[in-house]
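Here is what each chain is made of, one letter per residue.
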Amino acid sequence: AQSVTQLGSHVSVSEGALVLLRCNYSSSVPPYLFWYVQYPNQGLQLLLKYTSAATLVKGINGFEAEFKKSETSFHLTKPSAHMSDAAEYFCAVSDQGNTPLVFGKGTRLSVIA
Amino acid sequence: GAVVSQHPSWVICKSGTSVKIECRSLDFQATTMFWYRQFPKQSLMLMATSNEGSKATYEQGVEKDKFLINHASLTLSTLTVTSAHPEDSSFYICSAPTLAGGPSYNEQFFGPGTRLTVL
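Just so you know, the protein sequences line up as chains P and V, in that order. In terms of our numbering, the first sequence opens at residue 110 and continues consecutively. In terms of our numbering, the second sequence opens at residue 871 and continues consecutively.
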């Protein structure tokens with residue numbers, strides 16, 4: 110069975126500081142990995158995805174993530190946080206594109222002015 | 871990218887009534903759709919897999935007689951919450967994978983969600 114662990118339910122950074130949201134996965138097959146962002150009372154927006162191509166994945170809004178098989182990690186980073194980045198972030202895994210996603214518990218990102 | 875819509879976006883109903891939520895793939899065909907539930911300040915949990923032309927597959931602990939799923943066409947899946955109670959109040963989100971080629975291959979597209987409040 111697949112699973113995702115997001116370390117830290119709440120991360121707080123200063124505006125302009127590095128954002129690092131951690132995600133570790135467990136999968137018996139090569140995984141497809143995703144990061145989604147959710148603003149209050151809204152649906153999910155895809156930030157980026159890993160589907161066995163390049164290990165460093167660039168997404169929208171300046172976010173990127175690196176797939177590290179040896180560490181079973183897929184951490185999300187952004188060099189400089191903006192106030193508009195404050196939201197809930199979910200890491201998710203699937204074993205194929207047409208199978209349901211397994212989500213982590215989410216990390217709430219706060220950005221302090 | 872592909873678009874998935876949900877209707878209604880929010881609904882308030884009385885305890886004991888039934889509520890139907892629609893999930894539509896607007897510009898692609900979806901033989902499979904997934905229904906998730908998200909309680910406040912929690913993650914998304916898969917409820918069921920909706921398959922066009924066949925019975926839905928429910929996750930353990932999800933009552934299939936309470937959460938009726940119908941996938942009558944390649945673009946529409948419906949979730950009916952029967953005899954809703956306050957504990958069914960939640961955010962319900964559907965998703966549909968696209969198997970078409972191109973950059974969206976193997977990507978799932980999520981609807982905007984439906985907020986259900988049962989009084």
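Accuracy of the hints is not assured; some may be wrong.
[What the hints assert, rightly or not] Result set (DSS-like, lysine-lysine): computed pairs, CA atoms no more than 30 Å apart in a straight line: (1) V:LYS925 - V:LYS884; (2) V:LYS890 - V:LYS911; (3) V:LYS934 - P:LYS177; (4) P:LYS167 - P:LYS178; (5) P:LYS167 - V:LYS911; (6) P:LYS214 - P:LYS177; (7) V:LYS934 - V:LYS890; (8) V:LYS936 - V:LYS925; (9) V:LYS911 - V:LYS884; (10) P:LYS177 - V:LYS884; (11) P:LYS214 - V:LYS934; (12) V:LYS934 - P:LYS167; (13) V:LYS934 - V:LYS911; (14) V:LYS936 - V:LYS884; (15) V:LYS884 - V:LYS934; (16) P:LYS177 - V:LYS911; (17) P:LYS167 - P:LYS177; (18) P:LYS214 - P:LYS167.
Because the hints were derived from the structure by calculation, they are not lab data.
Quick rundown of the hints versus the structure:
| no. | hint | verdict |
| --- | --- | --- |
| 1 | V:LYS925 - V:LYS884 | holds (28 Å) |
| 2 | V:LYS890 - V:LYS911 | holds (24 Å) |
| 3 | V:LYS934 - P:LYS177 | violated (39 Å) |
| 4 | P:LYS167 - P:LYS178 | holds (17 Å) |
| 5 | P:LYS167 - V:LYS911 | holds (27 Å) |
| 6 | P:LYS214 - P:LYS177 | holds (20 Å) |
| 7 | V:LYS934 - V:LYS890 | holds (14 Å) |
| 8 | V:LYS936 - V:LYS925 | holds (15 Å) |
| 9 | V:LYS911 - V:LYS884 | holds (24 Å) |
| 10 | P:LYS177 - V:LYS884 | violated (49 Å) |
| 11 | P:LYS214 - V:LYS934 | holds (25 Å) |
| 12 | V:LYS934 - P:LYS167 | violated (40 Å) |
| 13 | V:LYS934 - V:LYS911 | holds (25 Å) |
| 14 | V:LYS936 - V:LYS884 | holds (16 Å) |
| 15 | V:LYS884 - V:LYS934 | holds (21 Å) |
| 16 | P:LYS177 - V:LYS911 | holds (29 Å) |
| 17 | P:LYS167 - P:LYS177 | holds (15 Å) |
| 18 | P:LYS214 - P:LYS167 | holds (23 Å) |
The structure does not agree with the numbered hints 3, 10 and 12 stated previously, though it agrees with the rest.
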